[in-house]
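Chemist: Here the protein sequences line up with chains R and V, keeping their order.
For the first sequence, position 172 (counting from the first letter as 1) is numbered 172 according to the UniProt record's numbering, and the numbering increases by one without interruption.
For the second sequence, position 223 (counting from the first letter as 1) is numbered 223 according to the UniProt record's numbering, and the numbering increases by one without interruption.
Hints listed in this document are in silico derivations from the structure and should not be mistaken for laboratory results.
It is possible that part of the hints are untrue.
Any copy will do: because identical chains look the same in the list, a pair fits if it lies in one copy or spans two.
[Unchecked claim] In silico EDC-like cross-links for lysine to aspartate or glutamate, where the CA-CA straight-line distance does not exceed 20 angstroms:
1. 223 x 62
2. 179 x 227
3. 302 x 323
4. 209 x 191
5. 311 x 22
6. 179 x 61
7. 177 x 246
8. 154 x 291
9. 223 x 61
Number of protein chains: 2
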Amino acid sequence: MGYPLKNRQILLKRRPVGLPNESDYEVVTSPVTPLEPGELLMRNDLISLDPAIRGWMSADEDSYMPPIALGDPVRSSTLSTVVASRNPDYEVGDLVLGLNAWEEYTKLGDIRHIHSFATKMPKDLGVPNTWLLSVLGATGMTAYFGLLYVGEPKPGDTVLVSSAAGAVGSIVGQIAKLKGCRVVGIAGSDEKCRWLKDELGFDDAINYKDNNNRELLGCAIAKSCPEGVDIYFENVGGYFLEAVLDNIAERGRVIICGLISQYNEEVGSGPENIWKLLVKSARIEGFLIRDYVEQMPEAALKIGQWLAEGKIRNKVDLHTGFDNIPASFLKLFSGRNQGKLIVELEFDRE
Amino acid sequence: MGYPLKNRQILLKRRPVGLPNESDYEVVTSPVTPLEPGELLMRNDLISLDPAIRGWMSADEDSYMPPIALGDPVRSSTLSTVVASRNPDYEVGDLVLGLNAWEEYTKLGDIRHIHSFATKMPKDLGVPNTWLLSVLGATGMTAYFGLLYVGEPKPGDTVLVSSAAGAVGSIVGQIAKLKGCRVVGIAGSDEKCRWLKDELGFDDAINYKDNNNRELLGCAIAKSCPEGVDIYFENVGGYFLEAVLDNIAERGRVIICGLISQYNEEVGSGPENIWKLLVKSARIEGFLIRDYVEQMPEAALKIGQWLAEGKIRNKVDLHTGFDNIPASFLKLFSGRNQGKLIVELEFDRE
């Protein structure tokens with residue numbers, strides 16, 4: 001691995017209105033300058049594509065993380081290899097998990113990448129590297145903490161999951177099954193619904209494309225969840241949330257993990273039936289995995305154990321090629337991806 | 001107290017659209033039939049007027065209590081005197097708290113009044129009877145359980161209360177002060193705001209009539225709650241909730257006690273910025289006091305003690321006369337009442 005001469009990057013040129021398109025980005029090639037003392041250079045082998053990135057593209061200063069600055073490369077979770085280091089804590093060949101960007105190489109220490117971090121990963125875990133960005137990474141943690149710590153499932157609870165065939169939802173449903181819950185998924189195709197039931201063990205699944213408004217989805221939920229919804233793991237928002245509140249059980253819990261239907265809207269829409277929270281003594285609660293830093297070792301251990309025992313399955317939707325990042329990213333918003341969306345960059349392995 | 005010959009009642013003739021008006025009611029006078037064995041007849045001395053009654057007038061079958069049937073008298077909390085009894089557990093002169101109706105007399109055992117109950121009250125409590133329907137009744141319990149059990153205030157928390165000059169809100173704010181919180185109220189006039197600050201010890205108060213949209217109210221909240229809102233005790237809904245979510249602190253808690261701005265709307269409106277729950281790890285939670293039946297003795301004792309020690313004050317907005325019930329009820333929805341709204345019925349005391 002020689003020191004690279006140039007770096008390809010996808011910069012955020014302007015803040016998207018609605019779905020991001022190519023005029024929101026600028027693809028540039030820039031030289032890689034030599035390392036200063038303390039710096040390290042990472043090659044971004046795997047780029048994780050997550051709905052949250054769309055939020056970071058917007059201008060909201062009052063979010064949990066500052067927006068991506070215009071002109072910066074698009075922030076993204078990454079699994080990288082250290083290709084050069086002037087930092088005593090890292091050596092060439094180290095595998096690191098980070099919050100880098102849509103670029104081939106990221107230099108840590110570069111003031112622009114203030115959110116970068118580089119957590120060294122063991123190289124002999126015996127699992128595919130993609131798992132470190134999915135079920136063993138933030139995706140798995142999100143499912144684990146959201147469902148177990150925010151939702152507090154009890155055996156026999158009915159757990160409804162939206163984006164159930166997505167990266168987080170598919171793990172949530174499987175953990176809920178392990179906890180003795182009845183699990184129903186909402187997904188965007190009959191094929192995905194079959195996958196949820198036949199492969200992942202969901203008790204039932206609803207195709208929202210056949211139930212594309214509050215009334216229809218509400219009816220489908222009522223049918224699949226005759227005792228009401230005790231826990232709803234929310235990844236979508238909009239009419240999904242209203243249809244669920246129409247069916248919420250007493251003391252029901254809505255876990256807000258994401259609101260993907262809202263991310264490309266200029267003005268969001270809230271559930272008009274929020275009074276259901278009152279009459280059912282129910283709650284809606286948001287969370288961030290950084291609230292659970294202390295519990296992360298427990299989560300990693302538990303998830304690793306379930307994987308080893310074959311009790312949960314991880315599905316990765318792997319794409320290839322730097323140029324395909326923006327188009328792959330859009331799959332998240334069209335309901336077309338299944339499992340965890342990752343783009344693998346190609347490098348000449350010297 | 002002779003056995004009454006006739007009973008005046010205000011029946012729900014049709015379900016109101018928007019604010020209830022006189023054509024939604026029918027005032028009737030009917031004979032009082034003799035008691036059957038086991039029955040008792042109560043004279044409704046005090047009628048409690050609460051926002052929840054508006055909800056019971058609507059047709060929603062999936063609420064925490066069935067709607068008032070068309071043709072039935074309007075359900076209401078009441079403090080009554082037993083005027084005749086063929087039930088061994090009650091004797092003439094007993095003071096009873098019940099869920100009777102907008103009528104002079106209620107017969108318990110009457111199948112129509114399936115929600116009636118009659119909880120005997122001690123006669124020598126040394127407090128005005130109106131207090132049994134307010135700070136020592138459901139109003140006080142609502143404030144106590146909502147704030148303490150749902151909101152879980154910690155010393156130093158900023159607690160914001162809407163309808164702060166109302167029956168529940170005024171008690172919530174005072175309890176929050178006792179728990180070491182910084183307390184800000186939202187109310188509908190400068191006079192009420194002065195009362196909250198000067199008489200009840202609120203740290204600050206916002207007149208929403210000067211801040212009648214999300215942006216203005218949000219600015220006022222930001223000014224009064226510079227560290228953000230840790231707990232919001234919600235009685236209003238609509239743009240109030242959005243303005244608060246714009247200012248919610250990390251791990252903030254919104255307690256849904258009521259949504260009075262929504263009760264007369266055909267279609268409610270939900271907070272479009274519900275994503276704030278996600279980025280702030282915050283929650284919105286509803287509750288009903290019946291969830292806390294076991295804790296009620298504790299609450300009554302505690303509130304009684306605070307009252308005795310002069311640590312909280314109770315304000316009653318007392319009206320007089322059966323005919324004035326519907327007009328008095330409307331005061332709740334115009335922001336004109338201050339404290340607990342009760343109508344005292346007049347009877348010839350023989």
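Chemist: Now tell me if each hint is right for this structure.
Modeler: Here's how the hints hold up against the structure:
no. : hint      : verdict
1   : 223 x 62  : between (40 angstroms within a copy, 16 angstroms between copies)
2   : 179 x 227 : within (18 angstroms within a copy, 39 angstroms between copies)
3   : 302 x 323 : neither (36 angstroms within a copy, 67 angstroms between copies)
4   : 209 x 191 : within (12 angstroms within a copy, 54 angstroms between copies)
5   : 311 x 22  : neither (41 angstroms within a copy, 64 angstroms between copies)
6   : 179 x 61  : neither (38 angstroms within a copy, 33 angstroms between copies)
7   : 177 x 246 : neither (24 angstroms within a copy, 36 angstroms between copies)
8   : 154 x 291 : between (22 angstroms within a copy, 19 angstroms between copies)
9   : 223 x 61  : between (42 angstroms within a copy, 18 angstroms between copies)
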